[in-house]
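Protein chains: 2
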Amino acid sequence: MSQEVLAQIEAQIGAYIQLSEEEKIAILETVVVQKIAKGTDLLRAGMLTSNAYQILEGCVRKYYLTEDGEDKTVDFFTEGQIAANFDTINNQVPSEYYLTCTEDCLLLVVNSEKERATYTRFPRLESLARIFLEQEIAKIQKRLTRYIMNSPEQRYKDLLEHRPDLLQRVPQYQLASYIGVKPESFSRIKRRYTQSK
Amino acid sequence: MSQEVLAQIEAQIGAYIQLSEEEKIAILETVVVQKIAKGTDLLRAGMLTSNAYQILEGCVRKYYLTEDGEDKTVDFFTEGQIAANFDTINNQVPSEYYLTCTEDCLLLVVNSEKERATYTRFPRLESLARIFLEQEIAKIQKRLTRYIMNSPEQRYKDLLEHRPDLLQRVPQYQLASYIGVKPESFSRIKRRYTQSK
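So the protein sequences, as listed, match chains A and B. According to our numbering, the first sequence is numbered sequentially starting from -14. According to our numbering, the second sequence is numbered sequentially starting from -14.
The following block holds chain A by itself, in its conformation from the complex:
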C-alpha cells in the first residue's frame, strides 16, 4: 500500500483517534488497495462475497436487472463512500444487485473475515467502525427522506446540490433512474431548470 493511501486512511480516522503503530500495521494487514478497470463487476446478482469496498478514486454503480430486463440504477458510490452488500457479507445471502466500476477505480478492499480478526485484536478499531456505520445509517436515512419528501424536480436540484460531479461522470439515463424518473422526464426537468436560471 502506498504511503499516500495510508495517509488518507489516517486522516479519515484521525478525526476520532490517534492510531498507534500497532494499529497502523494491523490496518495495513487487513485492507488491500486494488486498481480495478472500468467495466469490472465487483459483485453480480446471484453471487456471494466477503468484501466491502471503500472508494479511494473512481465511481461504482449499484443497479438491478429486473425480470423485464430493465437496468435500474439505484446508487453511485464515489470518493470516500463505501460500496458493500452487508446482507451478502453477513448473512451469506446471494446479492440481488450488481456493483460495477463505471470508471477506472482505486479501491480499498476490506475482507470481512480479516476485518473481524483485526477487531478482536484491536477493539478500538471496532469502535471506530461502529461509529462510521452509524454515520452511514444517518446518511442513507437522509437520502431516503429527501427522496420521499421531494418531487422529481426537487430531486434533480438535490442531485445538483449534493452530487454535482455525477452529472459529468455518468450517463444521463442512469441519473434518471437514480432520481426515479424516465430519461425523457430527466431531459425535460434539466432543460426547464437550466432555462429558469
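Watch out, some of these pointers could steer you wrong.
Heads up, the list lumps identical chains together, so a pair's fine if it works in one copy or across two of them.
What the hints assert, rightly or not - The calculated lysine-lysine pairs, modelled on DSS-like cross-linking and capped at a C-alpha distance of 27 angstroms, are:
id	residue 1	residue 2
1	LYS127	LYS23
2	LYS57	LYS9
3	LYS167	LYS127
4	LYS23	LYS167
5	LYS57	LYS167
6	LYS99	LYS57
7	LYS142	LYS57
The set of hints was computed from the structure by calculation and includes no laboratory data.
Given chain A's structure and the hints, the job is docking chain B onto it.
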C-alpha cells in the same frame, strides 16, 4: 427490567453469541425499559439527544414539519426496530425531524455514553452492535431501492407485503406520505387494488 424483556434481548442476541452472566448484567445496567404514553415526542426538530430507542411494543413515527407547515411522515418504527437519529447522537447536530409515539410504547432506551462505556468493558458486545448496524444498513438500503424502483402502486403493494400491520395502526394520510403520494392518490390506489383482487 422485567425478566421478560431480558429474555427478549437474549433471544435477539442469542442468534450470535451466548451471553455470559457479566455481559447480561452489563446490558441491564446500560439500557432502561420505559413505558411512554401515546403522543409523547421522543425527539423534536431542533433538539439534541444521546438516546437511541429500540421498540419493544408500540409504534414511533418519524416526520418533518416543512417550512410550509406540512407534516411529512417518512418512517414508522415498530416492534424490533430502532428509532435513532445517529447524526444527533454522534455529531451533536440538532435533529431535523420528530420522533413521536403514535401508540403507548414500551421502549428500550439506550444512552450512547453508557453504551460506549459498556463496549469498552465488553468488546464482544460492540462486535454485535457493529453487525446489527450492518444489518440495519442493508434494510434501509433495501427500502430505498424498493422506493426508487417502484411506482406508487407497487409501493402500496410493498406496504401490504412488508408492513401490513401499519394499515391498521396509523392514519391513512400518514401512510400516503410514507409511500410518497397525496392522500387522494392513496385512497384511489387502495380502492383500485382492493377491486382488482
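Status of the hints after comparison with the structure:
no. : hint               : verdict
1   : LYS127 with LYS23  : between (29 angstroms within a copy, 26 angstroms between copies)
2   : LYS57 with LYS9    : neither (39 angstroms within a copy, 45 angstroms between copies)
3   : LYS167 with LYS127 : both (23 angstroms within a copy, 21 angstroms between copies)
4   : LYS23 with LYS167  : within (25 angstroms within a copy, 42 angstroms between copies)
5   : LYS57 with LYS167  : both (11 angstroms within a copy, 25 angstroms between copies)
6   : LYS99 with LYS57   : neither (33 angstroms within a copy, 43 angstroms between copies)
7   : LYS142 with LYS57  : both (21 angstroms within a copy, 19 angstroms between copies)
Checked against the numbered hints listed earlier, the structure breaks hints 2, 6; every other hint is satisfied.
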